[in-house]
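J.: If you want the building blocks of each chain, they are given just below.
Number of protein chains: 2
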Amino acid sequence: MKKFINSADDFLKESLQGFGAAHKDIVTCYYNPNFIIRSKYAKKGKVALITGGGSGHEPMHGGFVGYGMLDAACPGFVFSSPSPDQMIAAIEKVDCGSGVLFIVKNYSGDIMNFQMAAEMMTGPSETVLTNDDVAVENSSFTTGRRGVAATIIVEKIVGSLAESGGSLVECKNLGNKVNKNSGSMGVAFSSCIVPAAGKPTFELRSDEMEFGVGIHGEPGRRRDKIKSAKEITNELLNAILEDLKPENKDDILLFVNGMGGTPISELYLIYDNARKMLDNKKIKIARSLVGNYCTSLEMQGASITITKLDQELVNHWDTPVHTAGMRWGM
Amino acid sequence: MKKFINSADDFLKESLQGFGAAHKDIVTCYYNPNFIIRSKYAKKGKVALITGGGSGHEPMHGGFVGYGMLDAACPGFVFSSPSPDQMIAAIEKVDCGSGVLFIVKNYSGDIMNFQMAAEMMTGPSETVLTNDDVAVENSSFTTGRRGVAATIIVEKIVGSLAESGGSLVECKNLGNKVNKNSGSMGVAFSSCIVPAAGKPTFELRSDEMEFGVGIHGEPGRRRDKIKSAKEITNELLNAILEDLKPENKDDILLFVNGMGGTPISELYLIYDNARKMLDNKKIKIARSLVGNYCTSLEMQGASITITKLDQELVNHWDTPVHTAGMRWGM
Numbered sequence: 006m007k008k009f010i011n012s013a014d015d016f017l018k019e020s021l022q023g024f025g026a027a028h029k030d031i032v033t034c035y036y037n038p039n040f041i042i043r044s045k046y047a048k049k050g051k052v053a054l055i056t057g058g059g060s061g062h063e064p065m066h067g068g069f070v071g072y073g074m075l076d077a078a079c080p081g082f083v084f085s086s087p088s089p090d091q092m093i094a095a096i097e098k099v100d101c102g103s104g105v106l107f108i109v110k111n112y113s114g115d116i117m118n119f120q121m122a123a124e125m126m127t128g129p130s131e132t133v134l135t136n137d138d139v140a141v142e143n144s145s146f147t148t149g150r151r152g153v154a155a156t157i158i159v160e161k162i163v164g165s166l167a168e169s170g171g172s173l174v175e176c177k178n179l180g181n182k183v184n185k186n187s188g189s190m191g192v193a194f195s196s197c198i199v200p201a202a203g204k205p206t207f208e209l210r211s212d213e214m215e216f217g218v219g220i221h222g223e224p225g226r227r228r229d230k231i232k233s234a235k236e237i238t239n240e241l242l243n244a245i246l247e248d249l250k251p252e253n254k255d256d257i258l259l260f261v262n263g264m265g266g267t268p269i270s271e272l273y274l275i276y277d278n279a280r281k282m283l284d285n286k287k288i289k290i291a292r293s294l295v296g297n298y299c300t301s302l303e304m305q306g307a308s309i310t311i312t313k314l315d316q317e318l319v320n321h322w323d324t325p326v327h328t329a330g331m332r333w334g335m
Numbered sequence: 006m007k008k009f010i011n012s013a014d015d016f017l018k019e020s021l022q023g024f025g026a027a028h029k030d031i032v033t034c035y036y037n038p039n040f041i042i043r044s045k046y047a048k049k050g051k052v053a054l055i056t057g058g059g060s061g062h063e064p065m066h067g068g069f070v071g072y073g074m075l076d077a078a079c080p081g082f083v084f085s086s087p088s089p090d091q092m093i094a095a096i097e098k099v100d101c102g103s104g105v106l107f108i109v110k111n112y113s114g115d116i117m118n119f120q121m122a123a124e125m126m127t128g129p130s131e132t133v134l135t136n137d138d139v140a141v142e143n144s145s146f147t148t149g150r151r152g153v154a155a156t157i158i159v160e161k162i163v164g165s166l167a168e169s170g171g172s173l174v175e176c177k178n179l180g181n182k183v184n185k186n187s188g189s190m191g192v193a194f195s196s197c198i199v200p201a202a203g204k205p206t207f208e209l210r211s212d213e214m215e216f217g218v219g220i221h222g223e224p225g226r227r228r229d230k231i232k233s234a235k236e237i238t239n240e241l242l243n244a245i246l247e248d249l250k251p252e253n254k255d256d257i258l259l260f261v262n263g264m265g266g267t268p269i270s271e272l273y274l275i276y277d278n279a280r281k282m283l284d285n286k287k288i289k290i291a292r293s294l295v296g297n298y299c300t301s302l303e304m305q306g307a308s309i310t311i312t313k314l315d316q317e318l319v320n321h322w323d324t325p326v327h328t329a330g331m332r333w334g335m
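For the record, the sequence lines run as chains A and B.
Residues 6 to 335 in our numbering are what the first sequence lists, from first letter to last.
Residues 6 to 335 in our numbering are what the second sequence lists, from first letter to last.
FYI, nobody ran anything at the bench for these hints, they're computed from the structure.
You can take every hint at face value.
Each pair may be met inside one copy or between any two copies, as identical chains are not told apart.
With a straight-line cut-off of 16 Å between C-alpha atoms, the simulated EDC-like cross-links for lysine to aspartate or glutamate are:
(1) K45 with E97
(2) K289 with E252
(3) K287 with D255
(4) K182 with E131
(5) K48 with E97
(6) K48 with D100
(7) K7 with E213
(8) K7 with E236
(9) K230 with E208
(10) K7 with D229
(11) K230 with E240
(12) K289 with D315
(13) K235 with D15
(14) K182 with E317
(15) K7 with D212
(16) K235 with D14
(17) K286 with D255
Excised from the complex, chain A in its bound form (with noise of 0.2 Å):
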């Protein structure tokens, strides 16, 4: 297994107290007994956004604690749910006295333990559930669509407004908005390897991708050859598209996302396909975000997602940002 790594076992609390050290004026991270990152622009009177998953994923969702988005976010091992002691630990440490917003991604084990939380809990909470997965309907670990890259869309737009003080349910309801608005699919070129398990999540052969792919490696739509980037690109926005039906007037952001170990220069030439369609399409890409944001380890491959903009959103989307993964006008 070629990582950086000292033990399957310690691997996530090491690379959290790193992150904890490097980004000591945006974040403070607890250990025992939960790992948490906690926000250290979280500020009462504002609704808390709380975010967890998986690890494996960064810099989604720690990445993206921070003024502007999250105020906490709970990571569980790699490609495992957070528990609900952990999302009740990291409540108590955010307390901001204005509600709790959920933003889970649309996995069983996620929901599940998101949704004891907000039981054991005692004040008001709202959940945001993002499903912007076009590729497949129900997958390894989710009933209906997965919950991808549209969800640090869902954290940058929403935290916007909770920052501004938007109120519980106007911050669920610009939630909803946007993953409504938003459609992803992705594609891989090789497998990661989760440090416990110690060996690739599924083999792909040396000419093969997978279309469709899920960020913990689940099955997309279909196994095929690899194809050039132009077909690629087509048929990822084809099919969110398809999804999506922007109309001629809608503006939108372009999102190109890397997997993980697929150079950015390939992401950039993602883009560069992509937006010569949509111009062929008469849509409009009025914002554009291209990085390693919702990764999968080190799988190579990469995703599109678009978001359908109005002028609210992006008034939200170009707010001051200071996160370790994003950050803008501070």
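Put chain B on the given structure of chain A with help from the hints.
T.: Same frame as chain A, but now just chain B:
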């Protein structure tokens, strides 16, 4: 070859086009007859900072063109030097009127071509040569030590001085100081694949790593069995510290850099291991940088860079910067 690519010939152009479109608020890209990335922030009266080198190390250097860093970058083909014509065209495009500082990594091809450009141009120019890689003296494409990730630290700090009105000689002297204060060393778990070659640059067995690897896959100090993250970090740090000889009172910048195919969670784990070792040696980490900044396409691997800091360097490190690859304060 598992890449997002349409043809090896068009790889760089399509990638640059995507980069230029995604970051049109920061840069203007030119394609004909020369590839040039020019900052929209370049302004009359300042010293122009121009760099270049083979592509494949993204975000270096194009990702550091913008406010507070570079005025222009000349991307050569993957792992190939840019041409003197390309550099002359870049000089004409920025034309700031207070001289040009070339920041050049120590590779024979880059040096020769930048030297030719300096002779061909009419205005004054100076050059800062980076050679921070402590792994080996002389290498496949280098006489002396290789220039690697510390080049980015030079670009940020000298970029700040140039932005605030520093003269050509002041910028040159500061660049030389940062380079002298910096040391780097890296390790590879896998080779990258240059698109035009279509196959790995070198081969490593499933349990092997290249210790002291260059950013084009050049051999390092030795091939060895994969070690624990602690052992690798310890050896990299000791090699750098032996070279830099920081004193107890020195503050440092600790920069853990990914080669392109390593998950960021592993980079934070290396950071954590390095942090503890530096604590033990009473060396204070005053600033940190963790991420994929100076890459080798999809190579699995990482490098550590240490820069000894003083108040002047810290002040310039902290000033606002707005580039695709590094952004804060604006």
